[in-house]
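Q: These protein sequence lines are chains A and B, in that order. Whatever position you read off the first sequence (first residue = 1), add 15 for the numbering used here. Whatever position you read off the second sequence (first residue = 1), add 124 for the numbering used here.
It should be emphasised that the hints constitute simulated quantities derived from the structure, not laboratory data. Treat the hints loosely; a few may be bogus.
Stated by the list, open to error - Here are some of the chain A residues that sit facing chain B, going by a computed Cβ distance under 10 Å: (1) 43; (2) 90; (3) 94; (4) 139.
Since we're looking at a predicted model, the values are computed, not measured. Backbone N, C-alpha and C fix where the C-beta goes; we use that ideal spot for every residue, glycine too.
In case you want the letters, here they are:
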Amino acid sequence: MLTKPELSPESERARDVCSRHGNRPDELIEILHELQDELGYVPESVIPVIAKTINLSRAEVHGVVTFYHDFRREPAGRHVVKICRAESCQSMAGEALCSHAKASLKAGFGETTADGAVTLEAVYCLGNCALSPAMMVDGQLHGRVDARRFDEIMSETLSEAAQ
Amino acid sequence: MTRVFVPDDAAALSMGADKVASALKAEADKRNLNIEIIRNGSRGLLYLEPLVEVETSAGRVAYGPVAVKDAASLFEADFLNGGKHRLGHGLTEEIDYLKKQERLTFARCGIIDPLSVAEYKAHGGFAGLAAALKKSGADICKDVTESGLRGRGGAGFPTGIKWKTVHDARADQKYVCCNADEGDSGTFADRMLMEGDPFTLIEGMTIAGIATGATQGYVYIRSEYPHAIAKMKQAIAVLLAAGFLGDNIQGSGKSFALAVRTGAGAYICGEETSMLESLEGKRGMVRPKPPIPALEGLFGKPTVINNVLSFAAVPDILSHGAEFYRNYGMGRSRGTLPFQLAGNIRQGGLVEKAFGITLRQLLEDFGGGTFSGRPARAIQVGGPLGSYVPASQFDMAMDYETFAANGAMVGHGGIVVFDDTVDMARQARFAMEFCAIESCGKCTPCRIGAVRGVEVIDRIIAGVERDKNLIVLDDLCQTMTEGSLCAMGGLTPMPVQSAVKHFPEDFDRPPVAKAAE
Ligand SMILES: Cc1cc2nc3c(=O)[nH]c(=O)nc-3n(C[C@H](O)[C@H](O)[C@H](O)COP(=O)(O)O)c2cc1C
Ligand code: SF4
Ligand code: FES
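With the hints as extra help, turn the sequences into a complete structure.
A: Written out as structure tokens, the structure is:
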């Protein structure tokens, strides 16, 4: 067998994902989603690999990664908490929930707690506006979230992980 | 075996529907009772979620909102036979909230198993497709035009005319794209339909393909909707296997392929040309128009772009006729709109009604007033780019032209209620802040204007040279309205200026000197 130039594990994954998408440039966003699902973020090092594999310039891939709010440039915490800050949730004391979340996690929006357990993110509408305020924890939606519910959900999330 | 319905709509799940379903099953097992749990979509009475229904000889009986701790008492109350219980609402169809609606697009949502082709057909599904397959493309476009259907995504452009343009265009490939980006705060109808009755959307898109000669479709769904994405993918797989998608649909010789694409958290990608860029795998930079997407859309080819609800209205129009659909509504707003009641409202949910219903009817008759019990002060209609409507205008009829004449917009039909604790200067500031966060950055009035807007409103809130800064704000709004390439920058002044106009007292902050006391 011929020896291939060494690729980092991330780069290997990136190539796999690209190939699963037929190395099609129009599937770049799907590729980035899938890669982020696997790695937890989009490392800087995979950008040239993706660009080469699907025949785009680095600048083009970089431009896409930075344009979309979803793509993370750094690893997230073990859990991702997204709190809705849009109008409907505002009308139901959503900002009080945000303050509570920031204080209890000791992390601001876009930050990860010191122990690496939780990344807090702001989102603008989760489509649960009839049951505002809303938040999403690891992809699971929650409605009518006040400070007490927030604490319950967080302790459930963190204890499930501990088991 | 008794059939018990527990929705797996994301809103129901957000209130614990999965755990309720497990608890009911466990309780039934414990009592040696045989029940079948069906995961339906939501009926739209979101304030009652999880709304559990039991099929009885008299019809479906509703209980809600059900929590895990209620499982045992429901069995004790013999809910499997419609027994009386504290959470009981009687026959679902007789609940006022539902009974007073005019459900066309959402006729099946919450009733059927969303992935059952047999149930879909038994409830009138695919009758529109069957009718379409007997017609020419031009005739389908004509039916849609005559129905009076206008785009439900916000702009209200006549759907049939758009389809005709794509039909008439000559090209080796055409596309049908569904805009399921649903980024507006206060809206969730697209999500509910995709989760509760995805076949209706697919049927509508397939009809669009047949009408225009497009053989490939995409549904662009925002990433904030993982549940809807999964459901749509499953629905596509089911219909492929059943011969309702793919090659030679039902032996007709017509073909239509459909794929789901996921957004990546950019509000601007709901703007149609930005969505096209995103579908091509690029940054969501807005394209100048012309060329219009109907002529040069996805990959430069003629493309139908419609909102979820526009496509979903079409099967009914084909099966019942254009006349049937246009008999609902008022003025030039024909048919029904699935209104979405959100924010500070007691009975939030989905209310499908003909155009012409007033905001007050939605707020009071359906919504039951505010959640807090305090007076409603403002309602933002039509998402983050829509106006704040003051209480003095709550009797305005929901109709595209009536709203436009009053400096407001119906948009996607989302209604966000605020009680009298709202600070309208803060809401105006948020509108600018949101625009600054979500601007695609292509044009200056929007990219820079929004940032300046936040700064100016901050000064007004701080009481710094209020009168002068209000003039600056007005100027800025005018520049954004007139100079922006798309409606993101172009309409952000709507919520801002409506707040200033209708709630001037909130901008009348004490001057700095006094505030410092
Ligand atoms: C900033 C912005 C965001 C938009 N977001 C959406 C959206 O989330 N969903 C949608 O259907 N239309 C949205 N639109 C409107 C679309 O540009 C387009 O008019 C619509 O998808 C056409 O479909 P329709 O004719 O069926 O309404 C948005 C427009 C703008 C300017
Ligand atoms: S108005 Fe804003 S969002 Fe629209 S094209 Fe200009 S910069 Fe982009
Ligand atoms: S505004 Fe928060 S879920 Fe829609």
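Q: A separate judgement is required for each hint: does it hold in the structure or not?
A: Hint check results:
1. 43: Hint on residue 43 of chain A: holds, closest Cβ of chain B at ~4 Å, below 10 Å.
2. 90: 18 Å, violated
3. 94: With a closest approach of 15 Å, the residue 94 of chain A hint is violated.
4. 139: Holds, because the Cβ-Cβ distance from residue 139 of chain A to chain B comes to roughly 6 Å (cut-off 10 Å).
Figure legend: structure checked against the earlier numbered hints; hints not met, in rising order: 2 and 3.
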